[in-house]
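Novice: Residue numbers (the working numbering), protein chains in the order written: chain A, 89 to 246; chain B, 225 to 1017; chain C, 404 to 694.
Calculated directly from the structure, the hints in this document are not laboratory data.
Just so we're clear, the structure is a prediction, and the values are computed from it rather than from any experiment.
Mixed in with the good hints there might be a few duds.
In silico DSBU-like cross-links for lysine-lysine, where the CA-CA straight-line distance does not exceed 35 Å [said to hold, decoys possible]:
#, chain 1, residue 1, chain 2, residue 2
1, A, K169, B, K862
2, B, K865, C, K644
3, B, K662, C, K546
4, C, K644, B, K656
5, B, K862, C, K644
6, A, K169, B, K704
7, B, K865, A, K241
Partial pick of chain B residues on the chain C-facing surface, computed with a CB cut under 7 Å [said to hold, decoys possible]:
#, residue
8, D340
9, Y342
10, R345
11, D371
12, D526
13, E853
14, T858
15, S898
16, M906
17, L910
18, M915
19, Y917
20, A918
Cβ atoms here follow ideal geometry from the backbone N, Cα and C, with glycine treated the same way.
Okay, here's what each chain looks like letter by letter:
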Amino acid sequence: MAYTVRVTVNGVHYIHRVEERLLLVHFIRDVLGLTGTHVGCETSQCGACTVLVDGLAVKSCTMFTVQTQGSSILTVEGLAKDGELHPLQEAFREEHGLQCGFCTPGMIMSLLQLLARNHDPTDDDIRHGLAGNICRCTGYENIVRAARLAGRKMRGRA
Amino acid sequence: MDRYIGKPLRRFEDERLLRGHGCYLDDIRLPGMLYAAVLRSIHAHARIRSIDVAAASRSPGIAAVLTAQDILNAVKDIPAIRREGMEELRIPEHPVLAREKVFYVGQPVAVVVAQDRYAARDAVDLLEVEYESLPPLLDPLLAAKADTPPIHEIAGTNVAMRLRAGKGNVEEAFVQADRVFRARYEVPRLSAVPLETRGVVAQYQPEEDVLTLWTSTQVPHRVKRYLAELLVRQPKKIRVIAPDVGGGFGRKIEVWPEELALSYLAMLLGRPIKWTEDRMENFITTHGRGYVGDVEAAVKNDGTILAMRFRIVADLGAYLLTSTGGPLGNAVHRVAGPYAIPIMDVECLGVLTNKPPTGPYRGAGGPEAALLTERMVDLIARELRMDPVELRRKNLIRKDAFPYTTATDLTYDSGDFLPALDRALELAEYGKWRQVQKTRGPLEPLIGVGVATVVKASGGTGQTRTAVAKVTIEPSGQTKIYTEVSPHGQGSVTTFAQIAADVLGVSPEAVQVLHGDTDLLPTGQGTTSSRGLTVGGSAVYVALQEARKGVTQLASQLLGFPPEDVVLQDGQAFNRRNPEQGLSLAEIVSGATRLGMLPEGTGPGLEFNARYTLPANPYGFAAHMAVVEVDRETGNAKLLKYVAVQDIGPVINPMIVEGQIHGGIVQGIGQALSEAMIYDPMGQPLTGTLMDYAVPFAEDVPSLIVDRRETPSPTTPMGVKGIGELPTVASPSAVANAVSDALATLGVGDIDIPLSPEKVWRALQEVPVRASRSRVSAPNSRQGTPARPRRTR
Amino acid sequence: MIPVAFQYHAPTTLDEAIAILRRYLGEAKCLAGGQSLIPMMKLRLVAPSHLVDLRRIQDLAHVHEHDGGLAIGSMMTYYQVQTSPLVRQRLPVLVEATNLIADVQVRNTGTIGGAVAHADPAADVPALLLACEAQVYTVGGAKDRRIAADRLFRDAFTTALTPAEIITEIRIPALPPLTGGSYQKFAHKASHFAIVGVAALVTLDDRGVCQRVRIGVTGAGYKPTRARAAERYLEEKAPSKGNIEAAAKRALRGVEFLDDHRGSAEYREHLTHVLVARALAEAAARASGTS
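Generate coordinates for the entire structure from the input sequences, incorporating the hints supplied.
Specialist: Right, dumping it as structure tokens:
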């Protein structure tokens, strides 16, 4: 059993024959070699696998690759432009929003969604927006700060 | 001159990780790599009648199926590290794959290897194991009884460890006391939940006969040592590498069956093999904590604690792995806490049950001990109608008493506890919250204010107090630090670069810090026991001082002015009297090489080695305060405020230190309010995924208020103290005490953690009854057994 | 965690989807958002041989007015429901409830029809649909039909749908004037599913007396359930604190409560009473315009 998928990931077009049960996260990691997207919980709580599919943050461990036929996918590797870190990435470094770094790509992708929908979120908005992401290192404090800072940076640039 | 030490430098670790360019275990891909999956016991206790591998072996893409029979003479069992309290006992060793019996749900029974992870997973379902179910032993108190049949016949008993500590005449103190208090507290088993699970890649290169193992570990050298011993290979033919590690929190300080099985298979098949643990496996293969403690205190009416007695039973699980005994050996001493309690009597039993092996989890005996002591201190305050802060103030060790040796034989190097406690009160607006609490109406949510004061050692015991380090300066002038610690989020790379920058007068960006590879240094104890900076960092500091001396000497010789005039700054060594006269590090190295000034057999660069032993552990102190609001109808406890003040040594990077504190607090909040491994009566885990095991989310915790005071340690060369575990020792107690404080306003006594809404609600149902049946004995009476808190299930 | 292999189908029409479901009757399952189904497949609790993805079928993701009420396409994601101006205007309580479902990522993907068909006893949407007396429209059964929400849910993960039946639309009748709604959820701290969730709609007459009361409860028992005795008790009465408390005590009498490590039967029963009271109080206050 195999299925031909055509997707765009970080602006690059791919055509692959994949097993139908192949989870999107394994396609991204094992087939495309983009290992910034991580697998943490596998039951859709931790959000380490979060990517954007057609602009929507989704948990790539809870989606089959075949479901993304024709879609455009953005992973953490696609954020930096011309080598420059995205404001969210900068803000995470600036505010020490990461320690082991394993949850970080998923956190950033979720916050990218949050800031796209709400340019000036309150701390409560940020915390509610992270209901699908677990961090075990930072106690969330500096992630919230990083989200606030990124919001300011992005508003400044807009 | 401190240009970088003490500054919140942004981490050098971050950029790769932020770009998604980290390399965690599962990110490793080698040509021709195969994938492994593990079949685990579905029974807590059973005899294995047969294992039929035929169908699995015929499954598409299968390369191998491994059972205990295949490795009988090739791979030895994993032994426990012998520790205090285990001297006379025959401890069962953990087989890599189960033989006649299985002893916990999750115990490895077989390994399959296939061309990809999907095929490997499918083949696991095709393995057929016939079990004969045996009754499981799950209750540690039952296991501690002499007449309970041993789960391992070879051990002859379920009591695997017996430890004692204490000093003074306890009986007499209890007779003389004005009041005596008793309580039993449970500290349930927890999962550490590193966001990255465990994983292994094993590769064998037959042409060199070298086995390379990448493993998501905190202790690569320990893994190497045991691979050599248990696979009977020469250590020099083994290399262990810790790649980026996505959190460990103590539960990656271990030698695992999967590391041995994968190593064996890689050598057998001649191809690299990867195994990545899934989350459910992570939940059922190892835990931290798991204590029950009976606590008694003999107290004067003015709140002075005269003596304490502890009887602790720790549920160690079915086997002792290398680190299993560690936390209990800590807890037996750490129950003394930050208090000047002259008389203590502590007994700890470590017992075997049909559950997975435990081991250190952030705090390693510290949070367990603190929960027993700190909750008892609050109980004493409540019963004496004293403010819990005042009671602590009365009993805390005074500044002039250091070094202070506890009745449990720990020596605290330094500290200044009261100002830290005062600062916490101020930041928490303690008085204001006490007022709010009093003015709450009968229909409003309850308010509770909790405090915890704790100490935590950094450095560890025995071998972990010794570290090696190497500093090299290459002909290019590049400075490299080789450290034996194996950081995984602690920011050691940045911290050590900051130290190097100040000692050698270079920019921190120019310093490369190398770690996590057994080929870098001959020995190592990894990142454990809050030793990263205090032991590993001190070794680096000593090596850097050697380097500073060496570079100064060479510069002095090369330029012809006295060493005392040499200034190291901006990557140069120059003459303080004539700043025009100077050389770069590269020029010093090349000059020294050219002129034959380097010791025989060395070069072309400079190399400085250090072996450092921490003479005594430095102790940090923490005063934490939590304010909670308890919904009387649902039992839900919500944190409104959290304040943490640490009394620690000087800090190298305050941003990193603060981050460690934040994370430690929130792990402890989870322990107090929601986390626990729950087993059913047959020993089946009910909290085996993150759908059931509740770690804190961002919405569950308030913004954290953190501050710090400085008391340098006399035991470390830079005066530093460790910070990684200290906050996790304090926060479970602070939060538990806050909830108890709220319930006490209605006369409800202590209940056990985690203080889940249902448990709190149940306790609230008993308000009228509980008011007259608190967990306290009559004044100075020793009759009766400790009242047991009600179980919800 | 890796699911058992299956064959994937991505029909573009309902007829095609029904044909596939009929061809593999009992072996095929519809894939809507997959946010509940895929984790269960990964845990190998379910292992369908065929998955029929409904995403490519035109016009299952719509929302429009119907007879003054709402017609919501079954493939509307929670996020689409949440952000629909029409839903916000007609049934703001649905927006509030949807915002409490799981998390952003799940709401971006999970669908309202999927939630109904999956019938997780702890899902949020069914409670709302019961309180709203929603009608569920299906095709692919013996005949195209509509099923009242309270006849749809049979047991945990069990509905009245036949194996080849597909939900196309959910219709929510117009609410009478002076109606207020509330959704009260007590979530499990790990899964964020409801331990108990209560949706209430209260319609007042011009004297401020409860004319019509509708209560849907999820999480408490093996299926989402209307709290009819509580509804009847409060109707024709003023929404006073005393009356609301008395009504809440009548909620789900005789129902078999779920009893597991996430919440004992006793606790769920208690929470049901607490949350019914809270939901009724808020709904009544909203109906009277005081909140």
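Novice: All hints, please: hold or fail.
Specialist: Verification of the supplied hints:
1. Of the pairs offered as hints, the one joining K169 of chain A and K862 of chain B is violated, with about 41 Å between alpha carbons and a cut-off of 35 Å exceeded.
2. For the hint linking K865 of chain B to K644 of chain C, the alpha-carbon distance of about 32 Å falls within 35 Å, and the restraint holds.
3. At most 35 Å may separate the alpha-carbon atoms for a hinted pair to count; K662 of chain B and K546 of chain C exceed this at roughly 65 Å.
4. For the hint linking K644 of chain C to K656 of chain B, the alpha-carbon distance of about 32 Å falls within 35 Å, and the restraint holds.
5. Taking the CA atoms of K862 of chain B and K644 of chain C, the gap is about 25 Å. The hint holds against a cut of 35 Å.
6. Restraint check for K169 of chain A and K704 of chain B: the C-alpha separation of about 31 Å stays at or below 35 Å, so the hint holds.
7. For the given pair, K865 of chain B sits about 29 Å from K241 of chain A by alpha-carbon distance, which is consistent with the 35 Å threshold.
8. Interface restraint check for D340 of chain B: the shortest CB-CB distance to chain C comes to about 10 Å, outside 7 Å, so the restraint is violated.
9. A least Cβ separation of about 5 Å between Y342 of chain B and chain C falls short of the 7 Å threshold, and the interface hint therefore holds.
10. Hint status for R345 of chain B relative to chain C: holds, with the closest Cβ pair at about 4 Å, below 7 Å.
11. The beta carbon of D371 of chain B is not positioned within 7 Å of any beta carbon in chain C (closest approach about 31 Å), and the interface hint is therefore violated.
12. Contact between D526 of chain B and chain C, as hinted, is not supported at the beta carbon level, the nearest pair being about 41 Å apart and thus beyond 7 Å.
13. The beta carbon of E853 of chain B is not positioned within 7 Å of any beta carbon in chain C (closest approach about 15 Å), and the interface hint is therefore violated.
14. Interface restraint check: T858 of chain B against chain C, minimum CB-CB distance 6 Å, threshold 7 Å, status holds.
15. A least Cβ separation of about 5 Å between S898 of chain B and chain C falls short of the 7 Å threshold, and the interface hint therefore holds.
16. A cut of 7 Å between beta carbons decides the hint on M906 of chain B: the least distance to chain C is about 14 Å, and the hint is violated.
17. Look at L910 of chain B: its Cβ gets to within about 5 Å of chain C, closer than 7 Å, so that hint holds up.
18. The beta carbon of M915 of chain B comes within 4 Å of a beta carbon in chain C, closer than 7 Å, and the hint placing it at the interface holds.
19. Because the smallest distance between the Cβ of Y917 of chain B and any Cβ of chain C comes to about 6 Å, under 7 Å, the interface hint for this residue holds.
20. A cut of 7 Å between beta carbons decides the hint on A918 of chain B: the least distance to chain C is about 4 Å, and the hint holds.
In terms of the numbered hints stated before, the structure departs from hints 1, 3, 8, 11, 12, 13 and 16, listed from lowest to highest.
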